[in-house]
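Undergrad: Keeping their order, the protein sequence lines are chains A and B. Residue numbers are given in this note's numbering: position 36 of the first sequence equals residue 36, and the series is strictly consecutive. Residue numbers are given in this note's numbering: position 2 of the second sequence equals residue 115, and the series is strictly consecutive.
Careful: at least some of the hints might be erroneous.
[As the list claims (entries may be wrong)] EDC-like, lysine to aspartate or glutamate: derived pairs with alpha carbons at most 16 Å apart: (1) B:LYS158 <-> A:GLU101; (2) B:LYS158 <-> A:GLU22; (3) B:LYS219 <-> B:ASP120; (4) B:LYS216 <-> B:GLU116; (5) B:LYS216 <-> B:ASP190; (6) B:LYS219 <-> B:GLU156.
Treat the hints as calculated values from the structure; they're not laboratory data. Since the model is a prediction, treat every value here as computed from it, not as a measurement.
Read off the chains here:
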Amino acid sequence: SQTIHQWPATLVQPVGSPLSLECTVEGTSNPNLYWYRQAAGRGLQLLFYSVGIGQISSEVPQNLSASRPQDRQFILSSKKLLLSDSGFYLCAWTLPLALDEQFFGPGTRLTVL
Amino acid sequence: RKEVEQDPGPFNVPEGATVAFNCTYSNSASQSFFWYRQDCRKEPKLLMSVYSSGNEDGRFTAQLNRASQYISLLIRDSKLSDSATYLCVVNMGAGSYQLTFGKGTKLSVIP
Numbered sequence: 001s002q003t004i005h006q007w008p009a010t011l012v013q014p015v016g017s018p019l020s021l022e023c024t025v026e027g028t029s030n031p032n033l034y035w036y037r038q039a040a041g042r043g044l045q046l047l048f049y050s051v052g053i054g055q056i057s058s059e060v061p062q063n064l065s066a067s068r069p070q071d072r073q074f075i076l077s078s079k080k081l082l083l084s085d086s087g088f089y090l091c092a093w094t095l096p097l098a099l100d101e102q103f104f105g106p107g108t109r110l111t112v113l
Numbered sequence: 114r115k116e117v118e119q120d121p122g123p124f125n126v127p128e129g130a131t132v133a134f135n136c137t138y139s140n141s142a143s144q145s146f147f148w149y150r151q152d153c154r155k156e157p158k159l160l161m162s163v164y165s166s167g168n169e170d171g172r173f174t175a176q177l178n179r180a181s182q183y184i185s186l187l188i189r190d191s192k193l194s195d196s197a198t199y200l201c202v203v204n205m206g207a208g209s210y211q212l213t214f215g216k217g218t219k220l221s222v223i224p
């Protein structure tokens, strides 16, 4: 069966510090991978998605970036965090080339102070 | 116009009640439709897909009206454990790998 891991679970960072969130998927090959952010009281906002190694599509211009160094690894980064980066960051995967349901990881709750 | 709009809620209902959530979407090319459930401070999880003919899963019934671009979710005999936020989710259209999520409707089932 497939599983998706995210870490860390919670993170408190000062403004201007760097960020690296990691997501890995097990039990499937060549998944589509997604990063979302859910700010307090708001819906899920798609940040990045990837259909293959090294292929990243950005949905929202911002100070965040994503990378996919391995087939089942997706990393979200920032060089300098802003207060507005606080939120619940969720990684998700779907079957390759699928328009189907997405499976979410447990999320990382980021607070920028 | 927002891409996916839902009833703002919150819905506070007694146990055993029937409750209905509505959702409209703006992209007529959308092909896949879902209801997700999100518990407080947890990740969203798929509740059910929504098919053109309508579908039922136990106490839950989902309906799709393509002409009106409207989706609904009906929960019968509400349980305390149904308390959560329900997200309406629509794919972006033909060939798209992206899903668009509504902001969700919060349901509280009261003893």
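Undergrad: Now tell me, hint by hint, if it's right for this structure.
TA: Now for the hints, and whether the structure bears them out:
This hinted pair checks out: LYS158 (chain B) and GLU101 (chain A) have alpha carbons roughly 10 Å apart, not beyond 16 Å. Only pairs whose Cα atoms come within 16 Å are accepted, and LYS158 (chain B) paired with GLU22 (chain A) is rejected, the gap being roughly 20 Å. Restraint check for LYS219 (chain B) and ASP120 (chain B): satisfied, since their Cα atoms lie roughly 9 Å apart, inside the 16 Å limit. A distance of roughly 11 Å separates the Cα atoms of LYS216 (chain B) and GLU116 (chain B); the hinted pair therefore holds under the 16 Å criterion.
Restraint check: the Cα-Cα separation between LYS216 (chain B) and ASP190 (chain B) comes to about 24 Å, which exceeds 16 Å; the hinted pair is violated. Taken as a hint, the LYS219 (chain B) and GLU156 (chain B) pair is honoured in the structure, with Cα atoms around 15 Å apart against an allowance of 16 Å.
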